[in-house]
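Enquirer: As given, the protein sequences belong to chains A and B, one line each in that order. Residue 33 in the UniProt record's numbering sits at position 33 of the first sequence, with consecutive numbering throughout. Residue 230 in the UniProt record's numbering sits at position 230 of the second sequence, with consecutive numbering throughout.
Take these hints with a grain of salt, some might be off.
Listed next, the in silico DSS-like pairs over lysine-lysine satisfying Cα-Cα at most 27 Å (straight line) [said to hold, decoys possible]: (1) LYS83(A) <-> LYS661(B); (2) LYS474(B) <-> LYS83(A); (3) LYS509(B) <-> LYS435(B); (4) LYS628(B) <-> LYS83(A); (5) LYS331(B) <-> LYS50(A).
Worth flagging that the hints you see were computed from the coordinates, not collected in a lab.
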Amino acid sequence: MKTSRLACFTLTAALLGAPALAADKVSFKDPTGDDNGPGTYKYPTDPVYKRGSFDLTDFSLAKKGDKLDVSLGFNTTLEDPWKTGSGFSVQMAFIFIDTDGKEGSGSTESLPGLNVKFAPEFAWDKVIVISPQGASRVKAEVGSKAGAVKDNVLVPDRVKGSGRKITATVNAPGLQGEPSQWRYQVLIQSNEGFPAGNDLMTRKVNEYEGQHRFGGGNDGECDPHVVDMLAGAGKGDASEVKAQHEALAFECGEEGVVKKQATLTMVGGEAAPAEKK
Amino acid sequence: MNKNSTRKGVAALAAVATLLPALPSFAQEGPRLQIGGTTYTKWLYGNQRNQGALYNFTTIPGEGYGDNGIGTELELLLSARISSQVEVRGRIHSRFNQNFWTNFGGFGAQGDNCIGGNCGEFDARSSQYIKLRGMAVTLTPGYLIDSATIGANDFGQFDPFVVGRIRYIDRDNASGILVQSSAFERRLSWDAAAIALPRLWAGPNFKTGEYHARDASYVFQTRYTLNDNFDFGGLFQYADDREISLTDTNLDNGRDLYPRFRNGVGALKAGFHLGSTLDVRGAFYRSYAHAEDTNYFGTSGDKNNSWVPKSFGLNGYSPVPAGRHEDNTWKVDLTLNDPLDIGLSLNVQGFSIGADYVSIMAARRESDVLLTEGTDGTFAFPGPNNRSYGVYGGNPAVIGYGGWTNESQQVATINVDNEFTDFDEPMAQTVIGWKGVTFNPVYSNGALDIAGEYSYITYNTNWQAWGDDNRGIKDTLYPGAELDSGVLHNFRSAYQPFQDKQTHIAVLKARYVVDIGRGVDVFGKVKYIHESDKRLNNKKYLPYQDGDCPADASTNCQNNVRYYDSNGQFSTAELYTNPNRLPDGSGYTFKPFDDISDDDRLLHYSSFNLGAGYQLTDDLYASLSYTKFLADLKDGNTAFQSYGMHQMVSGKHDKNLVALKARYILAGVEFGLEGQYIFGTFEPDYGGGFVPTLADETIAKEKNVPVGSRGFVTRDTYGWNSLENRYFVQTRLKAFMKAQF
Numbered sequence: 001m002k003t004s005r006l007a008c009f010t011l012t013a014a015l016l017g018a019p020a021l022a023a024d025k026v027s028f029k030d031p032t033g034d035d036n037g038p039g040t041y042k043y044p045t046d047p048v049y050k051r052g053s054f055d056l057t058d059f060s061l062a063k064k065g066d067k068l069d070v071s072l073g074f075n076t077t078l079e080d081p082w083k084t085g086s087g088f089s090v091q092m093a094f095i096f097i098d099t100d101g102k103e104g105s106g107s108t109e110s111l112p113g114l115n116v117k118f119a120p121e122f123a124w125d126k127v128i129v130i131s132p133q134g135a136s137r138v139k140a141e142v143g144s145k146a147g148a149v150k151d152n153v154l155v156p157d158r159v160k161g162s163g164r165k166i167t168a169t170v171n172a173p174g175l176q177g178e179p180s181q182w183r184y185q186v187l188i189q190s191n192e193g194f195p196a197g198n199d200l201m202t203r204k205v206n207e208y209e210g211q212h213r214f215g216g217g218n219d220g221e222c223d224p225h226v227v228d229m230l231a232g233a234g235k236g237d238a239s240e241v242k243a244q245h246e247a248l249a250f251e252c253g254e255e256g257v258v259k260k261q262a263t264l265t266m267v268g269g270e271a272a273p274a275e276k277k
Numbered sequence: 001m002n003k004n005s006t007r008k009g010v011a012a013l014a015a016v017a018t019l020l021p022a023l024p025s026f027a028q029e030g031p032r033l034q035i036g037g038t039t040y041t042k043w044l045y046g047n048q049r050n051q052g053a054l055y056n057f058t059t060i061p062g063e064g065y066g067d068n069g070i071g072t073e074l075e076l077l078l079s080a081r082i083s084s085q086v087e088v089r090g091r092i093h094s095r096f097n098q099n100f101w102t103n104f105g106g107f108g109a110q111g112d113n114c115i116g117g118n119c120g121e122f123d124a125r126s127s128q129y130i131k132l133r134g135m136a137v138t139l140t141p142g143y144l145i146d147s148a149t150i151g152a153n154d155f156g157q158f159d160p161f162v163v164g165r166i167r168y169i170d171r172d173n174a175s176g177i178l179v180q181s182s183a184f185e186r187r188l189s190w191d192a193a194a195i196a197l198p199r200l201w202a203g204p205n206f207k208t209g210e211y212h213a214r215d216a217s218y219v220f221q222t223r224y225t226l227n228d229n230f231d232f233g234g235l236f237q238y239a240d241d242r243e244i245s246l247t248d249t250n251l252d253n254g255r256d257l258y259p260r261f262r263n264g265v266g267a268l269k270a271g272f273h274l275g276s277t278l279d280v281r282g283a284f285y286r287s288y289a290h291a292e293d294t295n296y297f298g299t300s301g302d303k304n305n306s307w308v309p310k311s312f313g314l315n316g317y318s319p320v321p322a323g324r325h326e327d328n329t330w331k332v333d334l335t336l337n338d339p340l341d342i343g344l345s346l347n348v349q350g351f352s353i354g355a356d357y358v359s360i361m362a363a364r365r366e367s368d369v370l371l372t373e374g375t376d377g378t379f380a381f382p383g384p385n386n387r388s389y390g391v392y393g394g395n396p397a398v399i400g401y402g403g404w405t406n407e408s409q410q411v412a413t414i415n416v417d418n419e420f421t422d423f424d425e426p427m428a429q430t431v432i433g434w435k436g437v438t439f440n441p442v443y444s445n446g447a448l449d450i451a452g453e454y455s456y457i458t459y460n461t462n463w464q465a466w467g468d469d470n471r472g473i474k475d476t477l478y479p480g481a482e483l484d485s486g487v488l489h490n491f492r493s494a495y496q497p498f499q500d501k502q503t504h505i506a507v508l509k510a511r512y513v514v515d516i517g518r519g520v521d522v523f524g525k526v527k528y529i530h531e532s533d534k535r536l537n538n539k540k541y542l543p544y545q546d547g548d549c550p551a552d553a554s555t556n557c558q559n560n561v562r563y564y565d566s567n568g569q570f571s572t573a574e575l576y577t578n579p580n581r582l583p584d585g586s587g588y589t590f591k592p593f594d595d596i597s598d599d600d601r602l603l604h605y606s607s608f609n610l611g612a613g614y615q616l617t618d619d620l621y622a623s624l625s626y627t628k629f630l631a632d633l634k635d636g637n638t639a640f641q642s643y644g645m646h647q648m649v650s651g652k653h654d655k656n657l658v659a660l661k662a663r664y665i666l667a668g669v670e671f672g673l674e675g676q677y678i679f680g681t682f683e684p685d686y687g688g689g690f691v692p693t694l695a696d697e698t699i700a701k702e703k704n705v706p707v708g709s710r711g712f713v714t715r716d717t718y719g720w721n722s723l724e725n726r727y728f729v730q731t732r733l734k735a736f737m738k739a740q741f
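Next up, chain A with everything else stripped away, as it sits in the complex (with noise of 0.2 Å):
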């Protein structure tokens, strides 16, 4: 009887503990409305990009054992017009993740085609890249395009579109630490089929508006290509559309020179070091 008290309790101890030990967690919101990277980005006129379509409102991660599972969640409900088969077809996001906190650890450049850096600080680690398009393409891009970090980026095996939100399975054997620890970027951009140049399967960000180009940007490559991100403390705060907005601000020359690069930072995890969180 003593016996089956004490398996009793250990079981319920187990379960209890489950969710703790088998998934540490994190989760940020971001507000909705500002889907306009730097504050001015139009979206695209196709009816394809339908109003919300780039707005992030969540993310969150989870990392269980050797996966990490991703939910985006966006300010629309997501569709698959060109039939990709992911439930999504438009929506393309890269998760920046600074995993050990150290500066000058890691990549202050991004990935081609983003036209942002990240402050020293914030050299991220690892990326996953968020596609509607087949693994095998984003890994046949990554190795054409950005072959010099592909060890470091990670394409989901499993991703797919439902509802409202995009959800992404990464295997990710020997990733150190915990969610908390780490911190993140998450920048939405566009699902393009067939990138120009050297992008990383990005939509271009031009100065006016196009049926399959953002407007408001610089015909050049001055400008981000980002039309939205996670900011400020990533609670969905008002702010946080300010802080967006001054982040992913830019300057150009003549004929679409560089002169001021965006420059972002990370938001952190609850137990992320707290003067870089």
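Assemble chain B onto chain A, guided by the hints.
Expert: For chain B alone, kept in the frame of chain A given last:
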């Protein structure tokens, strides 16, 4: 991803768009031409052994059809930034309609049928020529307007109900001028365009007459975003097709024009966005169309290319009705996004598309204007095998027993385009006249996704005698376009002389990722359609007087006509003629139409799908699925006889589909494969009231049935309905390679 030219078209256009911006260094160096492109090789294999063209389906006479062969095409994308304010882009493309590898680059005999590449070197369909498909210059002057695009465009920035993607094989074949601008920090924006009216199809009888130089569609669209919660907009389109006036005999002061076809469509749209959980969007459209039908341009299309018919007879072909029409269309969408925070969302759509709604520039395919899945492509037009379809004798439109693989897309026009498609591509169907409601709950939780649908659809085209008792049954403004019969209908037949129809659609589909290895995708779907159509529902429309055909067939039918109008002029007897009495007096060749239930239609359609997919390697994904289709159809039996055009109609259909799909990607090159094995049975059931006869040698040869097999001739005598059970086996395969460079 691995299968359709829809997406290919989108990608191609996007490629053009994205090639446009030049790097700063380019600008400093001056104009620089960038060239990119794709090459696409396709292999079709099927046991129907059709090798008309490298497409599985087309209804265009002379364009052929095919399910066998290999061919390659090339697409070059050109772009240049001449200055910061001027961009140039172009697309040139070869087509492989008849360009088989076996035609040795287009050489061969000067064929008179141009089938299977046998067209000769100088025929554009087989000479592997490369053609300018899209050429445009975009200006961004920096003042007055945001941009102006002069030249080719797909005009997809408008509205598929009004001006949609204007596709005829390629998406940017249309040309025009597009001006875009904005104000109030771009909260207000507007687009205006003048689009050259496609003379290929944009008017009565699929043409715009003889004089076409100024035929155009003019569009204006504006949008205003008041705040995060509310936005609204408007859209107006006017298409104008004119011909040289026949009454202007004084040429010294130029020539007057006279309208052949005019079409105006206005739309108002608004969206309410209440927080993140509730979205309400509404759109209202009103159309006006006037196709000149007073014989101003003559009385025969053979003599005058501008002629517009006064009537389409029983089964005319035209993308618009004749005469003058006005009607409304509306649609309201409501989305409740996970209100209970349990992963369950609900989409609801109410809609009504007017029977007389006409929008000549509405999307013909590549759009899906309704939330419902609609019907499936598997038994469409009119399916499953059209080789014996009388209208296209000698040029059969073949998609085979398997039909199109996917569910259909809905478009708001009878100008539907499914030409040059393969079996794995989406099929479009008209929704002119549809009205109803769709409920679409979606549940997502972790690896599990479940979605359902219930749709109730009735029809604004539910009418008797084409909605006009004062005209003869073969004197109508509405083009029937093969009329409506078969398991899941013809894709472009919105209008029937008699209709009293309603449709219920129920769908449940699920996908689950089993956490084994890289994750096994398990998916399934159940779909049920119940459709009934009383068609002729008033005794006064029956063709003949009561007792006209003696029940014991002791004598021939008397042919005492019954008239449905008050003046005693019009009768359905001109359409529903009486059967012949068999020589031995044993009965009639088909059942006399003497009861209003004789033409009733009732369909029970079910499909069950189950499959699994797996990422076998980093580069290779494959899936295997099985689908069973069961269709129990009573389609007017012998009284209606599907107007004599359709081969397999009333009875029990049992079809099985085993499909293997694979996708393999190397950097820059994509391979796709879909193989299908289809087998099943059809048990005809045309009811009673007639005596079957046996096929003679002539029928056997023409209709591909055995000599001596049971059946009966159809009312118009060029059809034959076999009463023998059918067993079919079809294999078909499509593989492709697409390389970007």
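Enquirer: Now look at each hint and say whether the structure bears it out.
Expert: Consistency of the hints with the structure:
As the CA atoms of LYS83(A) and LYS661(B) are separated by approximately 15 Å, the hinted pair is consistent with the 27 Å bound. Of the pairs offered as hints, the one joining LYS474(B) and LYS83(A) is violated, with about 42 Å between alpha carbons and a cut-off of 27 Å exceeded. A distance of roughly 24 Å separates the Cα atoms of LYS509(B) and LYS435(B); the hinted pair therefore holds under the 27 Å criterion. Proximity of LYS628(B) to LYS83(A) is assessed by CA-CA distance (about 23 Å); at most 27 Å being required, the pair is judged to hold.
For the given pair, LYS331(B) sits about 17 Å from LYS50(A) by alpha-carbon distance, which is consistent with the 27 Å threshold.
Violated hints amount to a single one, hint 2; each of the other numbered hints is respected by the structure.
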